[in-house]
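Using the sequences and the hints, build the whole thing.
Number of protein chains: 2
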Amino acid sequence: MRVLVLSSGGIDSSTALAMAVSKFGNENVIALSVSYGQKHLKELEASEAVAKHYNVEHLSTDLTKIFEYSDSSLLKHSTEEIPKTSYEEQINETKGEKPVSTYVPFRNGILLSVAAGIALSKECDVIYYGIHKDDAAGSAYPDCSVEFNDAMGRAIYEGSGKQLKIEAPFVKMNKAEIVKKGLELGVPYELTWSCYEGGDKPCGVCGTCRDRARAFKENGVVDLLADD
Amino acid sequence: MRVLVLSSGGIDSSTALAMAVSKFGNENVIALSVSYGQKHLKELEASEAVAKHYNVEHLSTDLTKIFEYSDSSLLKHSTEEIPKTSYEEQINETKGEKPVSTYVPFRNGILLSVAAGIALSKECDVIYYGIHKDDAAGSAYPDCSVEFNDAMGRAIYEGSGKQLKIEAPFVKMNKAEIVKKGLELGVPYELTWSCYEGGDKPCGVCGTCRDRARAFKENGVVDLLADD
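Chains as they are written, first to last, in my numbering: chain A, 1 to 228; chain B, 229 to 456.
Misleading hints may appear alongside valid ones.
Claimed, not checked - With a straight-line cut-off of 25 angstroms between C-alpha atoms, the simulated DSS-like cross-links for lysine-lysine are:
(1) A/42 / B/293
(2) B/393 / A/162
(3) B/350 / A/98
(4) A/52 / B/293
(5) A/122 / A/162
Read the hints as simulated data drawn from the structure, not as lab findings.
Keep in mind it's a predicted model, so treat the numbers as computed, not measured.
Right, dumping it as structure tokens:
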């Protein structure tokens, strides 16, 4: 069994990578990271560092041009600022009726499709990716939902001639549960990167910094990256 | 209602474009063409000419790098030759057990996903694309099947926060039926391009040249492009 892991360099996908390596061996795992114009492009260095740690092949590709028409606040060219509030507060504002401002239009569908094209060429049987329950809550990121994952999995299976599947091991877990799993597996979280601002240090106030801090706190451990 | 049409410059997608224009008006239609390393890159000039004919906005994007690992015979960098036989003969060879050699891994899934990202940014409500029954037969192109189309449509609907749908008006029609529809709509087929070889003139022997010739013949009309 050969696995391609969509690897952003964050906590969720790095844990997915660790799971794949522990299950199938590093020689059967490929990590794929994608630049798409994100402000926190430095997450890709983290993705590379984690792949190096696990001694797996690391591929990267650039889809920046696709998103040139989007005004998502996650994108470098956007004039929108990344919210400094928690996701709960952001969802209160959107009333759960539309995605949050850092949603990048159909990003996960695009990443999975591109990963499928590459996985088929590199003779992989399955794609792992790190979506989780928190991100889907309140319609924040609709491309993290169970419904999206199920449909996309069927599309990739059918459209590949039944050669390729996807697996979202954390689709029903929250970030604290992912970190718990990752701590058991010994994931080097100090190598990962989450903050959407992409500065020298995590900003500590964007939605993903807050989520990360809570996940570590709930597991009673110190986040070496934040405390650096 | 605003429509983004995936436009390759061939018969099927040009007819889909004509349908969209006739239904919603040219000001509500955007054509999107994609280079992905295909040998017949000149189909994109055809896409542009058809968009110009209908006076619709024409966008293009380049996904060539994604397919660098693929050895599909449709791709310029491949050492594989495009088969000179009909699809029936090609399917006889594959026994309908795997895609034909011109299948590009998960191409339609990738094109639709990318189109979805752009459509959401350009405030479109629906994506039209030109897959049809002949291409799905015998597993030749699994990313043209009813099953793929249904799942991909659900993935895009769910993953976009229920903002975007896809429509494949010809998914249950053959090419002759598409040409019949296009002739009624006055599609300028002389501007379109089908041949996979991408030479000065259509080769006449690749699967898609044969399909095109048969579709015109069954409608009792002359293909001005082939007879040029």
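Let me make sure I understand: some of the numbered hints might not hold for this structure. Which ones are they, in numerical order? none
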